[in-house]
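Chain by chain, the residues:
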Amino acid sequence: MAYVNVSRDPERGFKNGYLATSVVGMGTTLVTFVKQVFGLEESNTVQWPEVEYQYSERFKGAHFLTKRPDGRVRCTACFLCATNCPAQCITIVAGESPDKGVEKFPVRFEIDILRCVFCGYCEEACPVDAIRMGPEYSMAGLAEQKWVYTKDHLLERDAVKRKVGEKQVSKKDENTKHDTVESSLPGIHAMHAGHGH
Amino acid sequence: MPVMNSPYNGRQPNEFKILTELEGVPNSRSLEVYKKHGGYAALEKVLKGGMSPDDVINLVKASGLRGRGGAGFPTGMKWGFVPKAAGEKYLITNFDEGEPGTYKDRYIAELNAHMLIEGKLIGAYAIGASKSYIYLRGEFYDEIAWCEQAIKEAYEAGYLGDNILGTGFKHHMDIYVGAGAYICGEETGLISSLEGKKGQPKLKPPFPAVKGYLGKPTIVNNVETLAAVPWIIRNGPEAYKKFGTEKSAGTKLFNISGPVVRPGCYELPLGYPLKRFIYEDCGGLIGGKKLKAVIPGGASAPVLTAAEVENMTMDYEAFAAAGTMLGSGAVIVIPEDVSMVHVLENLMHFFKDESCGQCTPCREGTGWLLKMSRDIVNGDGAPGDAEKIAEVAGKMMGRTICTFSDAAAGPARSIPQKFAHEFLEFYKTKQSTARAHG
Amino acid sequence: MSNEVTLSINNQSVSVPAGSTIMEAAQKLGVTVPHFCWHPGLSIAGVCRFCMVKVEGMPKLQIACNTPATEGMKVDTVSAEVKDAHKWALEFHLINHPLDCPICDQAGECELQNYYMKVGKYQSQMEDEKVLKPKALDVGDTLVLDTERCILCSRCVRFEDEVTKTSTLGIFSRGDQATIGTYKDRKIKHNYSYNLADICPVGAFTAKDFRFKCRVWFLKESKTVCPGCSTGCNVNLFQNSNQREYYRLKPRHNADVNGYWMCDTGRTMYEHLNASHRISAPRLEGSQVASQAALQALADAVAGLQPEQISVVFTAQFTNEEYSAALASLKKMKGSLPKVFVWRDEAEKADDFDGILFRGDRNPNTRGMMDVFKEHGVTPVLLKEDFSSLASSGSELTLVFGPEVESAYPNLPKALGRFVELKKVVYFGNTLNELAGKMWLRIPVKVFAEKNGTFVNFKGVAQKLKANAPVFPAVKGVDEYFVELGQLAQSAV
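Sequence lines, in order, name chains A, B and C.
Read in order, the letters of the first sequence are residues 1 to 197 in the working numbering.
Read in order, the letters of the second sequence are residues 1 to 438 in the working numbering.
Read in order, the letters of the third sequence are residues 1 to 493 in the working numbering.
Since the hints were made in silico from the structure, they are not lab data.
Cβ atoms here follow ideal geometry from the backbone N, Cα and C, with glycine treated the same way.
It cannot be assumed that every hint is accurate.
[Said to hold, decoys possible] When the alpha-carbon atoms are kept at most 25 Å apart in a straight line, the in silico DMTMM-like pairs for lysine to aspartate or glutamate are as follows: (1) B:Lys-211 <-> C:Asp-161; (2) C:Lys-130 <-> B:Asp-375; (3) C:Lys-121 <-> B:Glu-387; (4) C:Lys-331 <-> C:Glu-484.
[Unchecked claim] According to the in silico footprint, chain C covers these stretches of chain A (three or more CB under 8 Å from chain C): (5) 69-81; (6) 96-110.
Chain A with its partners taken away, still in its complex shape:
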């Protein structure tokens, strides 16, 4: 029968001693320090904020809004993210979109980032891939700073452009009105041709 030897370490007294372990620890630190000073070993420490740590692409940091290929906001103001948000930090005011094919778009889209718990439910709820959580993680700031992210901030801020770039344009298929469908009753009577918004 195999067994594991759990008998006392004969050097226990020496290792347990506070001073002794400190000396050992300092030794390790010193060796590493010397190695790194002379370039014999690479450092694991990131020199933030001069150097930024690269998280996985799937890291869920601060939100941003995606765009259509033509550069306009993808969100259709369906309120599903706001409905799903456990922290109730999303405020949307919907309006008539200038794009007839979309009909509805957010006039205002605001996230109170101090209330946000970064659960990602908004992303999950979105039927049109309009809201995503991005690679931004360093959100420290001052009290007087604006902590409510506005639509412009969510859509256009430099950090997103820099880090997400082309990926901000979502090419997901969605249910917009077909090009050939006009806001009129074709073939029934031409009277309505001038209607719409």
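Start from chain A and add chains B and C according to the hints.
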């Protein structure tokens, strides 16, 4: 002119001539010629011979005459549904003849529209209607003119008016021209159209015999049904019953189309063998092609395979037993080189165009059936598609106001079921070697 | 009983009047038979083919909405065959539906969504392209029409034909191209247009005044009575309780009062309830004061006067309880009642009636007010075009209870101008109004949605109002103010 050249049960072809008696007679559409052949004698017998409306209904019941429009409902019984109470009643003739492959009613008008007028007058007398309409399809320019001419002649000769033949029977007749929708050939759709509304079938109950045109009791009869009535009155119900089978009495006009040597309109007794009709009367298929399938009663009748045609007789019972129907008597012959996939797509196109759009299963279903069958034709088919078509069609059956949905589902169920192997082959080759005739 | 038939639905027995349909019997029993085109206030169309039920002895499934109930009939609505029929009927409805729920205002109260959850097929077999139809059509001042979402149940067409008799709408084309639309050169122009958005089971007709404003699942509904005219339609009032914002009214069925409908004028009765239209604090001689100070000022003013030096001007827009409390309190304070006037708008034609619901008397409680006056032995003087009786009364203090719904008083500014000329006016009102602000004292009051009370409609039907949480918690109702006033007067003695 079609030729009756085949003996049947030992009788000569001209013995079958009830509706086509004037075939080949010069100037057949005139009133004189009609009267010379016994025209309006039946009307005189009814009005002056002391027959009561009930006598007429009983006589027609005894003859076993069934509606020739498609459903085959006993005509005498239908007339009997009209409430006896006084008040306005209407008799409408369904001359909308829209079933693909059918051209029997036009043939009657082409021979002599007085047959129809006389039959209508007798029917009107039986149900107590003082006003009747002929609902004509908009494209039937000649037939409209012939019917108008015949009505004019009848008025002049005193067969129509306030005091017909001096008996005090009052009846007026008018023509209404529809705009050519298939659904306006459906009884209640026709009534809607006649009322000036969109041609859409009405909910039943109430039935038209109780509450029809303008809310009054209304009977809608097919042209061929009414045209047979004068002959039955003249010769008696027994003479009529000599033709046909026990449950399908009399003769019927059959229209055959497809690649047969002699297509046309034939008057045949019911119960006539289908194979004999195609191969003897019509001379078989052009170029000796093999028969693949037959649609026996217009586009809405489920298809019969060549094997089923072998021992089939053309009557209500035999067709019903084979899961199809006599319908309007339009026999469409499909030869071996036509792909059933194309046939299906062609039929579905027709039904998608003609659905009135009222009931959801039919409105959405017919469009869906067309899209699915078109996908197969375009080479996007995969095993299971034909079954899906049959399944969707099955869910449309019996779920709508009128039977249009069932009519569309008929071929959509029967073709994929009976010709499943052709569909499988079609998916594989993506393009069948055969092309539809359009 | 000879005029009743008894049938059984899912083995539960129910008796209904002869001539009823299976659908009506099922409704009575509380059995849900899914339906789109059937609406109890309209004729039967029988086109959606959704309400399929199995009737014993009939080979095919029957539609519940048009099949007459007969004695001993056995109906089944839950068997596998019926469920399959419901699934497929819904599938047929959905195959060409655009499913643009995210931008559809109906989402959340859409019958398609509800039935999809209850009886849906879940796995659609539709793989082909959908039929495309015109969207976002402007069909009138109040409605937007999306023909793609339409399921062609024809409820709207029947409503226009049968209820308003305007016949603006029709279904054009046939087959799956069938499209709902207005006739050429016609727009939906009548006072009942929002009912079309209500009866539309999907999002084909949506209301312009609610368009994109709020998702319906944020709204809470409360039952109340419309204050728009003397008909007193029963309504549901929708409020986003988080924002304390009212968004709309919808009719609630009451066979004795309004049936299934309400008018467009009544639909605007949410606007004056919201904070942006309201006054929140009293104003005394042009400056804002606390509620307590305002009441004290009023109590002092009343205390120094004889009853005949005070005039009270009522409008018929308050509850019975408020009239009673005001009159009783004044009587108690002064020993006898002051002079009472009733103010009605100059342009009012009280006996007008549009033949459906809307009445010329735009006050919800004329009848109740007169009843209360009779109880207190008051014979009011009418103020309509002529205000001379009030001006010549020589009152030192005039209490004016202004209309809650100011839109019902088109000549309001003119009348307020006349009040301003009087000596000392106390104006009880709820709406931001410059002229009312010029009065000596202006006191904000509760609106109908915030009160418990009674309105009596033109027929004499007394209907209770139930209070929602007030938009401004400090604002009280007239009855509450007068109770407090009475207490103040008592403590002064």
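task = Could you grab the alpha-carbon distance between Lys-211 of chain B and Asp-161 of chain C and see if it respects the 25 Å cut-off?
result = Satisfied, since the Cα-Cα distance of roughly 21 Å is no more than 25 Å.
key: chain C over the segment 96-110 of chain A, status - at least 3 residues with CB closer than 8 Å   = Check passed, 5 qualifying residues.
key: Given pair status - Asp-375 of chain B, Lys-130 of chain C, alpha carbons within 25 Å   = 14 Å, holds
task = Tell me if chain C covers the segment 69-81 of chain A under the three-residue, 8 Å CB rule, please?
result = holds (count 5)
query = Given the hinted pair Lys-121 of chain C and Glu-387 of chain B, is their alpha-carbon gap at most 25 Å?
reply = Holds - the C-alpha atoms of Glu-387 of chain B and Lys-121 of chain C are around 18 Å apart, at most 25 Å.
message = Check whether the Cα positions of Lys-331 of chain C and Glu-484 of chain C lie no farther apart than 25 Å.
response = 14 Å, holds
Of the hints listed earlier, there is not a single one the structure fails to meet.
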